[in-house]
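Note that the sequence shown covers residues 2 to 552 in the numbering used here.
Among these hints, one or two may not hold up.
To be verified - Quick list of simulated restraints, FRET-style, between CB atoms: (1) LYS523 x LYS502: 42 to 52 angstroms; (2) HIS303 x ARG515: 55 to 65 angstroms; (3) GLU424 x ARG197: 16 to 26 angstroms; (4) SER24 x THR504: 47 to 57 angstroms; (5) THR372 x THR536: 29 to 39 angstroms; (6) ILE30 x THR167: 27 to 37 angstroms; (7) GLU189 x PRO301: 42 to 52 angstroms; (8) SER24 x ILE59: 18 to 28 angstroms.
Said to hold, decoys possible - Here are the simulated DSS-like pairs of lysine-lysine, each with C-alpha atoms no more than 25 angstroms apart in a straight line: (9) LYS272 x LYS186; (10) LYS404 x LYS272; (11) LYS72 x LYS25; (12) LYS517 x LYS443.
For the record, the hints were derived by calculation from the structure and aren't laboratory data. Here the structure is a predicted model, which is why all the values come from computation and not from measurement. C-beta atoms are modelled at their ideal positions from N, C-alpha and C, and glycine is treated no differently.
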Amino acid sequence: MTTTNIDILIKYYKKYIFSLPESKILIIIRPLVLLLLVLVLQSPLPLILVLLELSVKILDRIFRTNIFSLKRILGLGLFSTLFSVIPLTINYTLRGELVERCMILSYTIPLTFVSIGFFSAPLTFLYLCTALILELFWTPLNTHTLIITKYLLSALVLAAFYGKLTSNKPLFKMGRGFLTYWLTKHPEYFEEELQRLSEEKEVTVRALAFVDAHTTRAIVVIPHVHPGPFREIGSSSLPSDLISAFMKTFSCPTLVLHGACDHRLDLASRKETRKLVNNMILAVSKDFRKVPVKVASVIPLHVNNLTFYVLPLKNFGNIVFVEDNSGEIDDIPYTLQEEMEKIGVVLIDCHSSFTQTTKHSISDTVKLNDTVRSLPKILKLKHYYKETIVLGCFIRSDETLLKELLGELCDGGIGALVLCSEEKKDLIIVYDSNNVSLILRKKLQNYFKEKYGFSNVIVCSTDNHKYTGYIKGRGYHPLGEETPFEKVLKVTEDCVIKALKNTGRARAFLVEYRGKHKVIGKKLYEISSYTRSATRASLLTLLALLLTSLI
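Use the sequences and the hints to build the structure in full.
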């Protein structure tokens, strides 16, 4: 993927999106802050300004937007109050006096942003007019000309800001939808806008089923559909949705791997995700035993800071796990998968190499592309295929486990798949997490190789974007960033031991689903560009209004 298009979105998402404290905490804090200001200023003005805040709730009822619950209106009021203290403090520092009228415009600024974002532009200027009347009432007559000038300047700044935001109306609506989702946790409006902006594209999902004479021992699902874009939106929960649906339908352990793709293949809505999951279940149910494949042992290849684990499949090609050892590469672009598919290669992004330097960049992508393109020469090695393979699989997913791992794991839990042959055994560990830290991955690999004698240990994450986890206010974090190694090892080793105890001989069958689905596609670039310009415009507008309030 080209330079930082999705990084821009993630950067702003992590930096500016936060969680409010609980309502009971806000109910205590809000009156205390107001009381403190009243005592310091020896003025009832902070209490009068609360009426402006209450008008937002009234508008919320009139427009039936149902955005501002008690918690959110308290949070908005607290933010407005704290924002109004900034010019008050600056004036006191520069002039040595508390100019309380400076609070009025600055208190209104967050409310004007809310009205632009959720209601309409005229309401923004209604707030300005209300604040102007209040400030004129609160100040001597000889200052009125200066005050009117100040508010005219503020109106011009807001008009320019509104014009900038609405220069791309479809993306402005999408931004409004996202803010609505953030406040209400109801993503429907945001997804409606994403659907309008989306493009229909053929996506591919494969399933490798291991079946013995009586039961299905395990299913490995490889979607070339990206989890995202944000929690509870689009295909963000696709990995855990697939795991849940397959385990319920086929009553066997199911692992979901991160097929090579990037955020351009995020599905546009949860409806599209449900459609994809249902279609995949139908495809596997219908073609369960139609395409048998012979499997050879895993072959590791080390090239340019990358490790390729090649799982050869006769009459199909090669499943190739791509493991980055530099910690500099995140998603493998789907364009590379399309190119490699022509020679029968399915790329799996292990997505288990997170460091603080992990990023998308042109140089990293070029290096990755050049290395992967060297695969065809290496894949011409002779393989020894077998009709059946000895394997064991176990998956654990429960609330206790999710809490133990400090919110760094999603609902799909942990899966372990053991592949055995006469000469060696290999282990694939899959965490339903957004990522895995590079340090944790290397420790796990060394431990399981030394203690259990595995020839290859492949550690993967699903790149799930469903939710932060059990720790409120955190962004997406890799497994192993906060959770100690010993805790991760304990639950992982338990899965591996149970997989080893549950081995049996099975045949492999391949099912492939291709279908048209709505994805974000190339609009991602436009969205990220709009996000960057809108955020900059917002910050500049806030600064300009803050400086204007000092007049």
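*Can you name, in rising order, the numbers of the hints this structure does not satisfy?*
As far as the earlier hints go, 2, 3, 10, 12 are violated by this structure, in ascending order.
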